[in-house]
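> Sequence:
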Amino acid sequence: MDADARFAAALAWSGYLRRTLDARPELAEWLRREGVAQPLTRAVLQGWRDDLAGQDDSTPLPVADCRAVLRRLRERVFCALMVRDLGGQATLEEVVGAMTALADLAVANAYRSVATELAATHGTPIDPLTGAPQEMLIIGMGKLGGEELNVSSDIDLIMLYGEEGETPGPRRLSNHEFYGRVTRRMMPVISERDANGHVFRTDLRLRPDGDGGPLAWSLDALEHYLVGQGREWERYAWLKARCLPAQAFEGSDPDAQLRQMESLRIPFVYRKYFDFDALAALRTLRERIRLDWERRALARNGMDSALNIKLGEGGIREIEFVVQLSQLIRGGRMPALQVRGLLAALHCERDAGLIPPQDAARLEDAYRFLRRVEHALQYREDEQTHLLPAEPAQRAALAAALGLEPDAFERALSAHRDFVEETFRNAFRLAGVSANESAEADAAVRPAGAGRASQPTQAADSDMDLESLLTDELNASFQDDASQLSGRVASLLNSPRLRTLPDTSRRRVETLLPMVLRAAARTSAPAAALVRLFDLIEAIAQRSAYLALLAEYPDTLARIARMMAASPWAAQYLTLHPLLLDSLIDWRALLEPLDFGQMARQLAADLDACLLPDGSPDIERQMNLMRDVQRQASFQLLAQDLEGELTVEKLADQLSALADMLLAETLNRTWPLVNKQAGAAPRFAVIAYGKLGGKELGYASDLDIVFIYDDRREDAAEIYAKLGRRMTSWLSTMTSSGRLYEVDLRLRPDGDAGLLAVSVEGYAEYQRKHAWPWEHQALTRARFAAGDQEVGARFEAVRREILLQNRDAAALRQQVLSMREKISAGHPNRTEQFDVKHDRGGMVDVEFVTQYLVLSQAAAHPVLVENLGNIALLGIAAREGLIDGDVAMQAADAYRTLRRVQHQMRLQGQEKARAAPGALTAERDAVRRLWDAVLGTGSIAAS
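Position 637, counted from 1, in the sequence shown is what UniProt numbering calls 637; the numbers after and before it change by one each time, with no gaps.
Bear in mind the hints are in silico, worked out from the structure with no lab data behind them.
Bear in mind that the values here come from a model prediction, so they are computed numbers and not experimental data.
Misleading hints may appear alongside valid ones.
What the hints assert, rightly or not - With a straight-line cut-off of 27 Å between C-alpha atoms, the simulated BS3-like cross-links for lysine-lysine are:
| no. | residue 1 | residue 2 |
| --- | --- | --- |
| 1 | Lys822 | Lys722 |
| 2 | Lys822 | Lys769 |
| 3 | Lys691 | Lys837 |
| 4 | Lys722 | Lys676 |
| 5 | Lys722 | Lys691 |
| 6 | Lys691 | Lys912 |
| 7 | Lys650 | Lys272 |
| 8 | Lys769 | Lys837 |
| 9 | Lys822 | Lys837 |
| 10 | Lys650 | Lys822 |
| 11 | Lys650 | Lys722 |
| 12 | Lys676 | Lys650 |
| 13 | Lys722 | Lys837 |
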């Protein structure tokens, strides 16, 4: 479309444009000459402002001149955007970006002119802490904060300042009064309509206490308000809050105040714990959006609901709610979601796996379409409207203005709104709440107030006191165990944690406890489940959000009860890490396989977003986040394990892959902390030994690792030792979220006496000349786990070289037998029970056999070098003719069974996996036959 066609399209649609250009021919000429020739960027708008002012902005304009210049600038921007947008030249990003830039520029100019004029009379406010001039912080809320203003938008502002004090002029004012006067005088400069129109309508009602509060608030007062009185809808409002780039006084430095403001905003908006109180409030907000609109639509004869593309069904507001809901619920745990713009947040949620890619694409298409329609409606008469025309002729004209045929426009509009409406109805499911839970919680906030949530409270408030109520429930449901459990009930009710609860939390516990008894009674181990549930409640009593979860979501409570009944270890894990409770809401997602690629990408994005106000990494927050991710992933595997979805081998593979991922990310985060050489990448590798090396990791296993490097830089030994220390500290330091992993570095060359990180050459030299036979045994289970792939490949070459050496089988047999005796001596079993791991016929015997086979036979049978695990290696040895096939198969099956039994015993809380004396006899016999065939007299070793 050429320039004439673009102007014709805009003039055909917009009565405002026709009247303006008729009255201002010079504007029409300017628009054709340069106004629509290029995208409207911040720099372009600044140039237009300077042109209209006749000067750059190094000197503030008098207030009256500022007022006139800003109105002329707004006129230019509005008309130029209209022509470019309706002509198909401007993207949505250009339109909303230009309007945001206009608002930023207008607010900054108005503030500077007014504050300069006021300071000339009263003096400049001074920061008493620094002695420098103190600026007012102007916070843009809503679409202004998110940099996505529409073309006829209001702007929502909140005015803040740092420290209290007085201006130093002859007519002194308190800082509070000074900033209040600045605000009062600024607003007409921007919003008052005169012969030149207006710039933006302004709204200050989002400030604390709304119209009843001061016009400007100190940061200290804001903090007290947010902590003590901040409401859930205000979290929604503050999500996009952004400090506008406005500065009036030379020599001021508002950075400290900006950091303070952000340090208040972020924890207020984003909660670390999944806040179920907030979830209920957001459900109420969702219902309010619908009910408020329905009320207003009925007042207008029911027309607006279909015609309003912002507030009606399937409108822009519903898209905003869907996206911001996930931000509010998950953003505290996923810092990458802490972005202001809607499309940016939508993309983050898609990348995080919170919204399916196809749904995210359709939401984005709907948003772009509806925003373009919104802008076209507002271009028509420069009105803040969102109402579609009702008359067919005007609808056709709107379609034409958008470059569409009427039928195509109506089809697209209906399709987009239908999808948005359906997505809005399922918003809580998208945010991670299952369909059943969402329906239950929706029922709980219906205006009638009756239903599931109120029933337990009625019981607790009856004449019967809570302890008597629980005793009757025990007698009815637990019978033989009732008397024993009644003591635990009394202990819980009288525990200090419950005695000191606020009234609201106390009432919630009173609601919850009868539900807990009923949930435990329906499990496979009712008494054990109840005791463990009581332990959990006592642990979380001071966290009202978790009490809300258990009280509001009976399906989730039932799942927790089943886990408590199934495994005391799982019960203890959940009690120690109640942060995991929110995972149980979406049970389907919890049972899905872990996607480690997606997890790694999201973890990296979240860690990148963990920043201090000065932009440097927030290391403590990053360490806590990694621990939370590890707990969450482990808990997801635990849930699948208890549901029978994972074999022991698959579980170990998954836990090992999780550790590899976290090791890689630990390396990524610690390298910049030690490296001083710009652009240098770490030529460094983490080598896994033991259970991690053999991919047999358990839930609570420590990590046996060795650090190696291959780097010619002069400070390599020093820098990689520092890196090793940093990584060890990052992994093993106890933070508020716990410890990531226990780390054991004793398998490095020379053990505790050796270097923390060793060069590849030094490692190879040690393995060739100085390593003990048991160290070569350990090497059979070693593998590259994380770091530089080339360094990892060099390690694998060294490992292969060492394992392929010719060895004296008889001498090696004696060394292996001697080491086996040492292992037995180090794990004595003075009971008659069978120690599944360490006793003869147990797991260690199988592991020693496979290690011996690798070391003694790999030179002739190189296939044994591959680190494939004990079961696979036995099969390979049989195929290579080294052991009888039946012996190998029976021993492999026995090893698999022993691992499964050990795992089940650990889940039952047994520290040592020991079975009854007569148990597992077939498995023990199978292992002994393998041992005799390989390491006994007449074996490979003895022949």
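> Run every hint past the structure and note whether it holds.
Now the hints, each set against the structure:
1. Lys822 <-> Lys722: violated (34 Å)
2. Lys822 <-> Lys769: holds (23 Å)
3. Lys691 <-> Lys837: This hinted pair holds, its Cα atoms lying about 13 Å apart.
4. Lys722 <-> Lys676: holds (12 Å)
5. Lys722 <-> Lys691: holds (26 Å)
6. Lys691 <-> Lys912: holds (17 Å)
7. Lys650 <-> Lys272: violated (31 Å)
8. Lys769 <-> Lys837: violated (32 Å)
9. Lys822 <-> Lys837: holds (15 Å)
10. Lys650 <-> Lys822: violated (31 Å)
11. Lys650 <-> Lys722: violated (35 Å)
12. Lys676 <-> Lys650: Distance ~41 Å between Lys676 and Lys650 Cα, so the pair is violated.
13. Lys722 <-> Lys837: violated (37 Å)
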